[in-house]
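Undergrad: Each chain, letter by letter, is given below.
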Amino acid sequence: MNNIKDILESHEVQPSAECWQKISQHLDQVMPTSTEGGSGHGLSAQEAGKHVARLAGAAKAKLIVAIAGLVLGGGAITMVSLSKRQSPSDPVVPASSTVSDSLHNNCQPLPNLSETSDVTDSYPKNQTEYIKELNTTELVTKEVLSQPVPEVFPTTPEAPSPLPPALQAPVAAPIPSTLPTPVLHITTPQEDPVAVEHLDDIENLSTPMKIEIPNVFTPNGDGINDLFVILGIEQCHKRQLTVRDRSGKVVFHSDQYDNNWGGDNCHDGVYYYQFTFSGNQIEETLKGSVTIIRK
Amino acid sequence: MNIESILQGCLKNDRKAQYALYQTFAPKMLGVCSRYCHTEEEAEDIMMEGFMKVFQKLDQYQKKNDSSLYSWIRSIMVNQSIDHFRSHKRQYEAEVAIEAEEVAILSEDITTRLDAEHILRIMEGLPEKQRIIFNLREIEGYEFEEIAEKLQEPINTVRVHLFRARQWLQKRIRKEENHNG
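Each protein sequence line maps, in turn, to chains X and B. Take 1 as the starting number for the first sequence in our numbering and just add one per residue. Take 1 as the starting number for the second sequence in our numbering and just add one per residue.
So here's chain X without its partners, still in its complex pose:
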């Protein structure tokens, strides 16, 4: 009977022949021997030729090593750091920047809350209906409503305006009973102030779909605000939610979100959501950020 330690200590495995080849190719690249020419600066034509050949060999070695890494299930990170180590000693090869590049490419631009709202639908409706509808809806926010109408806002329909004509009409003149009335789709208070101010004499606004997305939740298990709850989600037929982290990696996705995401496997921090929903024949996407706080 032998101790398991002694058995394993003395255990040897003969490596395959390729191993030394790969090592020596790597060595040729990072520390070329003196007979093979210098540091890479001021090469003669002959040396330059050798250098190119060496680089080709090195590239092949890198490729082989990279493939081996991939086969072994994501060894790529180690391999990238390997090729990074190789680079500085060889000025001809640009420093490997694959990791930072891909990170950069994956980055999502910060979502802009103000772009989420717009006039999304309009249909004929007479004036009384319109006002009735406006009176029966919920308050948006006083803050936004109480802002003064900007000076630049046109008061006559003839003046050039960034707004669609349909929107200008109610302010410019009494609403004709047959005028197609815009239905504003207002979802969050941060939205386009022009669209809201336009109706600033009316306190309540019609929202066909009132969706409110929180910007923070606290999944610490205390039963309070533990889930990412989108208010008004029950009115939506389609409710597709995608949440990404700051590097653009998807951390949560659901085609039929049911207010059940509790930030699983996510650290505290800022995440970006994209919520596509439909209802009332409208399909819209809201984007924004949500912060996870656990303390």
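These aren't lab readings, by the way, just hints derived from the structure by calculation. Note that the structure is a prediction, hence the values are computed from the model and not measured. Some clues are possibly wrong.
Just so you have them, the derived chain X footprint on chain B, three or more residues with Cβ under 8 Å [unchecked claim]:
hint, region
1, 8-16
2, 22-30
3, 151-158
The beta carbon of each residue, even a glycine, is placed where N, CA and C say it ideally should be.
Let chain X serve as the given structure and place chain B on it in line with the hints.
TA: Only chain B this time, still in chain X's reference frame:
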């Protein structure tokens, strides 16, 4: 060629000396690496990376010169294996408190008449973390503190993993031995 002249040649970046050094240590080092890996290819990858490091950092060994070349290279291989494991973290195992009577098992040697190949094959059944901790503690002889630091785990977690690995291995080895004879 003795080891001293090989070493001098390696320091001068002599490819032949480097090959000789590789020839001397590669089988042993592959044996070390294969204890940490599931597949031979994985072990060879780690060994190659380890030797690349050895040749590039050999001047640092010369300066330290406080341990034998063998154990210096070996520690590079072990660190390389741990790095590899850390970048491929696969599973998370919950920590469970270790019972007092179980400590006795921790100090006992595991003996067997099975050969190394056989033991390695059994060890493949261990969860990765348990296997690495078993290797580091039982074969490499690292202290618990050292292992905890290397793996960035609490010391008690390391102890629990080691205990479970030993318990499981002993059971399996007994079973194999009975089965074989």
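Undergrad: The structure should be examined with respect to each hint, and the outcome stated for every one.
TA: For each hint, the structure was consulted:
1. 8-16: holds (count 3)
2. 22-30: Held - the region 22-30 of chain B has 5 residues with a Cβ nearer than 8 Å to chain X, which meets the minimum of three.
3. 151-158: violated (count 0)
The structure shown violates just one earlier hint, number 3.
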